[in-house]
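K.L.:
For reference, the chains in residue letters:
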Amino acid sequence: MATTVRAEGLRVRTGRHVAVNGVDLSLGAGVHGLLGPNGAGKTTLIRALATVLRPHDGRLQLLGQPMEARPDLRAIRRSLGYLPQEFGYYPRFTVSEFVEYMAWLKEVPGAERRRAVRNALERVGMAERAGSRMKALSGGMLRRAGIAQAIVNEPELLLLDEPTVGLDPQQRLDFRALLRDLGERSCVIVSTHLVEDVAAACSSVVLVDAGRVVFHGTPDDIASAGSGSDAGDSPIERGYSALIARHRTAPAVAR
Amino acid sequence: MSRILGIELRRSGALLAGTATAVIGVAGLYVLALTGQTGLWDQQWNLLAVFQRIMLVVLWPLALAAGAWQAGRDRRSRIEELLGTTPAPGWRRLRPSALATALCLTTGYLLVLVAGAVKVATTAGYPGSGWQAVTAVGVLALVAAGLLGLGLGRLLPYAYTPAVLGAGSLACLLAAIEATKLDDATKPGWALLLPYFTSTISEFQAVGGAASAGQAWWLGGLAVGGLVLYLATNRLVRTLAVAPPALGLLLAAPMLTVTAFPVDAAAVAEVCTTDGGPRVCVTAAHSRKLPMLVAPARQALRLLAKLPNAPTSVHEAVPVPTRPQPASEAWLDADNLSSAGGPAELTARILAGAGTPLCLRNEDSDYLAVLRARAVTAAWLYGSHPVPGPALAPAEQALRDTMWKAFIAQPEAEQQRRVAAVRAAGLDCGDQAAALGIGAGR
Amino acid sequence: MTSVALFLRSREVPAGVLCAVPAMVAVAWLGAGPAESRHAVTAAALALALGIAVLGHGLGGPDSTLDTTAAIRWAPRRALHLAAILVVAAAVVTAATTVPVAVILRDAAGFTGLAALSATLFGRRLAWTLPVVTGCVSAGIPAVPEPFVLHLLTWAGQPADSRVAFTTVVVFAVAGVAGYVTRGPAGSAR
Chain A
1 MATTVRAEGL RVRTGRHVAV NGVDLSLGAG VHGLLGPNGA GKTTLIRALA TVLRPHDGRL
61 QLLGQPMEAR PDLRAIRRSL GYLPQEFGYY PRFTVSEFVE YMAWLKEVPG AERRRAVRNA
121 LERVGMAERA GSRMKALSGG MLRRAGIAQA IVNEPELLLL DEPTVGLDPQ QRLDFRALLR
181 DLGERSCVIV STHLVEDVAA ACSSVVLVDA GRVVFHGTPD DIASAGSGSD AGDSPIERGY
241 SALIARHRTA PAVAR
Chain B
1 MSRILGIELR RSGALLAGTA TAVIGVAGLY VLALTGQTGL WDQQWNLLAV FQRIMLVVLW
61 PLALAAGAWQ AGRDRRSRIE ELLGTTPAPG WRRLRPSALA TALCLTTGYL LVLVAGAVKV
121 ATTAGYPGSG WQAVTAVGVL ALVAAGLLGL GLGRLLPYAY TPAVLGAGSL ACLLAAIEAT
181 KLDDATKPGW ALLLPYFTST ISEFQAVGGA ASAGQAWWLG GLAVGGLVLY LATNRLVRTL
241 AVAPPALGLL LAAPMLTVTA FPVDAAAVAE VCTTDGGPRV CVTAAHSRKL PMLVAPARQA
301 LRLLAKLPNA PTSVHEAVPV PTRPQPASEA WLDADNLSSA GGPAELTARI LAGAGTPLCL
361 RNEDSDYLAV LRARAVTAAW LYGSHPVPGP ALAPAEQALR DTMWKAFIAQ PEAEQQRRVA
421 AVRAAGLDCG DQAAALGIGA GR
Chain C
1 MTSVALFLRS REVPAGVLCA VPAMVAVAWL GAGPAESRHA VTAAALALAL GIAVLGHGLG
61 GPDSTLDTTA AIRWAPRRAL HLAAILVVAA AVVTAATTVP VAVILRDAAG FTGLAALSAT
121 LFGRRLAWTL PVVTGCVSAG IPAVPEPFVL HLLTWAGQPA DSRVAFTTVV VFAVAGVAGY
181 VTRGPAGSAR
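Protein chains in written order, with this note's numbering: chain A, 1 to 255; chain B, 1 to 442; chain C, 1 to 190.
Please keep in mind that the hints were generated in silico from the structure rather than gathered at the bench.
Backbone N, C-alpha and C fix where the C-beta goes; we use that ideal spot for every residue, glycine too.
Errors might be hidden in some of the hints.
Stated by the list, open to error - Simulated DEER-style distance windows between Cβ atoms:
id, chain 1, residue 1, chain 2, residue 2, range
1, C, Val-164, B, Leu-156, 47 to 53 Å
2, A, Gln-65, B, Arg-78, 25 to 31 Å
3, A, Ala-2, B, Arg-75, 24 to 30 Å
To be verified - Derived coverage of chain A by chain B (criterion: at least 3 residues anywhere in the stretch with Cβ under 8 Å from a Cβ of chain B; other residues may be distant):
id, segment
4, 48-56
5, 163-175
6, 205-212
Unchecked claim - Residues of chain C clear of chain B, computed beta-carbon distances all greater than 12 Å:
id, residue
7, Phe-7
8, Ser-10
9, Leu-18
10, Gly-31
11, Ala-75
12, Arg-124
13, Arg-125
14, Leu-126
15, Cys-136
16, Ser-138
17, Pro-147
18, Phe-148
19, Pro-159
20, Ala-160
21, Gly-179
22, Arg-183
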């Protein structure tokens, strides 16, 4: 299995703060959940993978290209899909116009562009709202439009920062199915707080805290790390609490 | 790219900027209809094109502000992070919005031309020469404003940029007019670098090709500079944006000394009757007025036959004559063609000064005395006093009545001699009031 | 006092004042000439339009919807805010030019009304539009007494005793103040 993302000792700064502090990761095709408390560095890590932030130290390879040399950013970005945490959009554009605009920017060839747009909108269940203005959409629909623009170029590396915010339970179920489908061919990294999404849709889970990877394994591995005494309502929540707590009580080992 | 351009045309602020240009421009043209002043632009294509250039004083700053607003869209939409992860280079992403802005402003400007053309086509006879160049430079000026606004808006991405650019640029333009107060209206010099004309031209003038070419270089340089500034992705390119305007200025330098508004030789060329009767001629600029003039002019020639050595043809006099008036011709000032109320009044106006144009030699010659002398000759030739025409102020009318009575109190031969003297004085721009020898203070 | 300071900071007013005051002084100074000269009046009107357009950005906060849910009474505060804009702009321009105070106060009231109107209709980001557009139209056309339509359009450049200009300003001010005080700024356009 080809490795899409490979990080070794990756450090990324946001201003003076080192938000990602020595991350080792190797991810290929599949759906990878990025889980962790607020301020753990999830968003910074995703932004570094999205080529928004340059690594400050360590090594990062995206789609086989090392980022510390002079990478061919255009080639990487052509195969990249990204939904930022704060998703900006042009309010006057219609949904299909916005997705088409993004497809153009992602250099989807003109002949296939309209089909790609229609396809992406159908996959997120927005086909019947294609003609609505972006500013008229509700929060959940905006999020789905954001996912549509992220997948319009059939990316090899898809980065979704909190994609399920604002989705209702039915939409979240559909979204999990979409994730599993996408994970068949590409490397999908989903950052979230919602542990049950991870359990249902992810093939692997990366647990981060304080800028480091605490744990990397399958959802079942996490569930088995917890015991009845840990906080949480489900096995995986208890496992999550146990792993974070274990990491925090043994800081000297990590450093 | 054409589909993306379509999206930008539909959804960006460019459409609104173009619409505003068209609305303000058309309103500017037709607001003059309320006072019957559309003559400022509807007499000729040339005048319409120049009048549009004058209206740029308002449209130019607004286009600048609209461009700056458009440039701030990505920032306002907080979409810059997402756009930064796309492979397309920044200049490629911004190209459609720049093109949409230029297209919409161009369309808006041309719509104003079309709206004016409806009226010009029914009024103007002579097309005027070179209006296409005047309009093209006007379009270039407006597009330059839009692109410069885009560039400056991207360079200074603040919420206040559009407002400051809009009102601030107009303030600078108005201050520049004050600073370059014109000595010679035909040679504006530095004022030609302003994106709009500061004064209109007469129907006998055209905009010189050299002036238009110079302005095109300079405004084109500004437009390219603005575009470079907008599309620039690094500091080096941004700095290079000053090069096109500088080069344009260099190429435009020769125009600063030329006569910008030369006499249009084709407009002052004569168009005459060819029906075998006494010849009646007008300038090509007024060729539409010829049919209206023929009958009153021939009537005037019959009345002028009372004089010795009487004229045999009637010609329109241009403001700056290119030849002296021969004794065999009667001349009529150009402005009478549009201001006279009817055929009888037109005949009377030709008879004023016995077929000579009004000539003001210097400041000390009494303008009113000359007008009165001309009115008396007109009345004598016409055969009745007062002649057809608009009513005068009672005091003025009383004065002329007195003059008329004094004049006809003289022997018949003396009357004829004096009218002939007024005509002789008019032929070489002499003092017609003195030639008549009657009136206040004489 | 801190609540006033916090309110002003939430509306980005300090930055607006820092931009508006030098801009007004510069534009008014560009036209400073003999008193009552047409150019001086035009420049003063344009300076007011610019300054009030910039200050108008402070008429809305980052989130108008959140503002409307606040417990405090907005109406008097909004009225006070408009009055403050008028006073600041008029004071700065009066200090920078020789134009009669009556003309400056009249124009300031008109442009403040227009800024309030555009903030109510289009939101704070577009609060500059009506003052700048009317300011440019009013300053770009020579202020003539006849015909009536041109007199109306060039209200900002008319002499102090022009009743038409005064009526125009009253209409703008009443419409703007009434709209803004009762409805507040529109949600921010992007």
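K.L.:
Taking the hints in turn, state whether each one holds.
P.N.:
Here is what the structure says about each hint:
1. C/Val-164 <-> B/Leu-156: 47 to 53 Å: violated, 38 Å
2. A/Gln-65 <-> B/Arg-78: 25 to 31 Å: Given a distance of about 28 Å, which is inside 25 to 31 Å, the answer is holds.
3. A/Ala-2 <-> B/Arg-75: 24 to 30 Å: Given about 38 Å between the Cβ atoms, the range is violated.
4. 48-56: Coverage by chain B holds for the segment 48-56 of chain A (3 residues, Cβ < 8 Å).
5. 163-175: violated (count 0)
6. 205-212: With 0 residues close enough to chain B, the hint is violated.
7. Phe-7: Its Cβ never comes within 12 Å of chain B, the nearest being 18 Å, so this holds.
8. Ser-10: Nearest chain B Cβ is 15 Å from C/Ser-10, so the label holds.
9. Leu-18: Answer for C/Leu-18: violated, closest chain B Cβ roughly 10 Å.
10. Gly-31: Incorrect as stated: the minimum Cβ-Cβ distance to chain B is 6 Å, not above 12 Å.
11. Ala-75: holds, 26 Å
12. Arg-124: violated, 8 Å
13. Arg-125: Violated, since 6 Å does not exceed 12 Å.
14. Leu-126: C/Leu-126 not clear of chain B: closest Cβ-Cβ about 8 Å, inside 12 Å.
15. Cys-136: C/Cys-136 is in fact no farther than 12 Å from some Cβ atom of chain B, at 5 Å.
16. Ser-138: Given a closest Cβ separation of 9 Å, the condition is violated.
17. Pro-147: violated, 4 Å
18. Phe-148: Check fails; 8 Å does not lie beyond 12 Å.
19. Pro-159: holds, 18 Å
20. Ala-160: About 21 Å separates C/Ala-160 from the closest Cβ of chain B, which puts it past 12 Å; holds.
21. Gly-179: holds, 20 Å
22. Arg-183: holds, 22 Å
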